[in-house]
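With chain A held as given, fit chain B onto it using these hints.
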Amino acid sequence: DTGVSQDPRHKITKRGQNVTFRCDPISEHNRLYWYRQTLGQGPEFLTYFQNEAQLEKSRLLSDRFSAERPKGSFSTLEIQRTEQGDSAMYLCASSVGTDTQYFGPGTRLTVL
Amino acid sequence: GNSVTQMEGPVTLSEEAFLTINCTYTATGYPSLFWYVQYPGEGLQLLLKATKADDKGSNKGFEATYRKETTSFHLEKGSVQVSDSAVYFCALRSTDKLIFGTGTRLQVFP
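So the protein sequences, as listed, match chains A and B.
Each residue of the first sequence is one higher than the one before, counting from 622 in the numbering used here.
Each residue of the second sequence is one higher than the one before, counting from 3 in the numbering used here.
Any given hint could be a false lead.
[Stated by the list, open to error] Below, computed lysine-lysine pairings styled on BS3-like, alpha-carbon distance capped at 30 angstroms:
| hint | chain 1 | residue 1 | chain 2 | residue 2 |
| --- | --- | --- | --- | --- |
| 1 | B | K54 | B | K79 |
| 2 | B | K70 | B | K58 |
| 3 | A | K692 | A | K678 |
| 4 | B | K70 | B | K54 |
| 5 | A | K678 | B | K62 |
| 6 | B | K51 | A | K678 |
[Said to hold, decoys possible] Among chain A residues calculated to face chain B with C-beta under 7 angstroms, some are:
| hint | residue |
| --- | --- |
| 7 | Q662 |
| 8 | F666 |
| 9 | A709 |
| 10 | G718 |
| 11 | T721 |
| 12 | F724 |
| 13 | G725 |
| 14 | P726 |
| 15 | G727 |
[Stated by the list, open to error] Here are the computed distance ranges between Cβ atoms for each label pair:
| hint | chain 1 | residue 1 | chain 2 | residue 2 | range |
| --- | --- | --- | --- | --- | --- |
| 16 | A | N639 | B | K70 | 40 to 50 angstroms |
| 17 | A | T641 | B | F111 | 34 to 44 angstroms |
| 18 | B | R69 | A | E677 | 25 to 35 angstroms |
| 19 | B | M9 | A | R702 | 32 to 42 angstroms |
Honestly, the hints are just simulated from the structure, not real lab data.
Remember, it's a predicted structure, so these values are computed and weren't measured experimentally.
No residue lacks a Cβ here, since even glycine has one placed at the ideal position from N, Cα and C.
Only chain A is shown next, with the shape it has when bound in the complex:
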């Protein structure tokens, strides 16, 4: 059990560029979650998958955001036409069903 991993750990981009983050869950975990954490706040839910199906999306997830989990293993989160307000820590978590969610180290995005 190697834990949840995320790549990259840090990303600096210019406004208007597209970025993509990857999350590898704990093997055998069928659920995968994405959260966003801004400075001084707790994480906020964005979306989650059960296997390859995306079951819920938050209103925070604008049309510029898209997430996939094509084979029910790793997931990607893409942000198109980034804005300065997208600067945050993007966290991934995984679980077996509704059991405890285990978090990765996060990807810190800075939009200049």
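What follows is chain B alone, placed relative to chain A:
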């Protein structure tokens, strides 16, 4: 809607002092409750959890009791160490997602 309210930080303590971090929640039904900890430069780690009323979660000397009468899940530790310095998040599970409080920073000085 469901929400979690935590006491604002930072909480500053001397080593071996008693710690309480208050957490109250608003929810329909009886959600599972969690405390996560975030050490500097690291991701969120589960500290403890409780899944039903009157359950006590405990780990690494930390404890929290699920109180449905007061809708609270306060975190306590009898004697803190410098290594406990971190940000602590209270959370509840609402259907399939976690709802977090804003976090409380704990600073412990020798």
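So, going through the hints one by one against the coordinates:
Of the pairs offered as hints, the one joining B/K54 and B/K79 holds, with about 21 angstroms between alpha carbons and a cut-off of 30 angstroms not exceeded. The straight-line distance between the Cα atoms of B/K70 and B/K58 is roughly 12 angstroms, inside the 30 angstroms bound, and the hint therefore holds. Distance hint between A/K692 and A/K678 is fulfilled; the C-alpha atoms sit about 19 angstroms from each other, no more than 30 angstroms. Restraint check for B/K70 and B/K54: satisfied, since their Cα atoms lie roughly 9 angstroms apart, inside the 30 angstroms limit.
Restraint check: the Cα-Cα separation between A/K678 and B/K62 comes to about 35 angstroms, which exceeds 30 angstroms; the hinted pair is violated. A C-alpha spacing of about 25 angstroms is found between B/K51 and A/K678, which places the hinted pair at or below 30 angstroms, so the restraint holds. Contact between A/Q662 and chain B, as hinted, is supported at the beta carbon level, the nearest pair being about 6 angstroms apart and thus within 7 angstroms. About 4 angstroms separates the beta-carbon of A/F666 from the nearest beta-carbon of chain B, less than 7 angstroms, and the hint is met.
For A/A709, the shortest C-beta to C-beta distance to chain B is roughly 14 angstroms, which exceeds 7 angstroms, and the interface hint is violated. Because the beta carbon of A/G718 sits about 9 angstroms from the nearest beta carbon in chain B, more than 7 angstroms, this interface hint is broken. With its C-beta approaching chain B no nearer than about 6 angstroms, A/T721 sits inside the 7 angstroms limit, and its interface hint holds. Interface restraint check: A/F724 against chain B, minimum CB-CB distance 4 angstroms, threshold 7 angstroms, status holds.
The beta carbon of A/G725 is positioned within 7 angstroms of a beta carbon in chain B (closest approach about 6 angstroms), and the interface hint is therefore held. Annotation: A/P726 was flagged as interfacial toward chain B, and the flag holds, the nearest CB pair being 4 angstroms apart, inside 7 angstroms. Hint on A/G727 holds. Least Cβ distance to chain B is approximately 6 angstroms, under the 7 angstroms limit. About 46 angstroms separates the C-beta atoms of A/N639 and B/K70, a value consistent with the hinted range of 40 to 50 angstroms.
The hinted range of 34 to 44 angstroms is satisfied by A/T641 and B/F111, whose Cβ atoms lie roughly 42 angstroms apart. Checking the proposed 25 to 35 angstroms range against B/R69 and A/E677 shows it holds: the Cβ atoms sit about 29 angstroms from each other. At about 39 angstroms, the beta-carbon gap between B/M9 and A/R702 stays in the expected band of 32 to 42 angstroms.
Checked against the numbered hints listed earlier, the structure breaks hints 5, 9 and 10; every other hint is satisfied.
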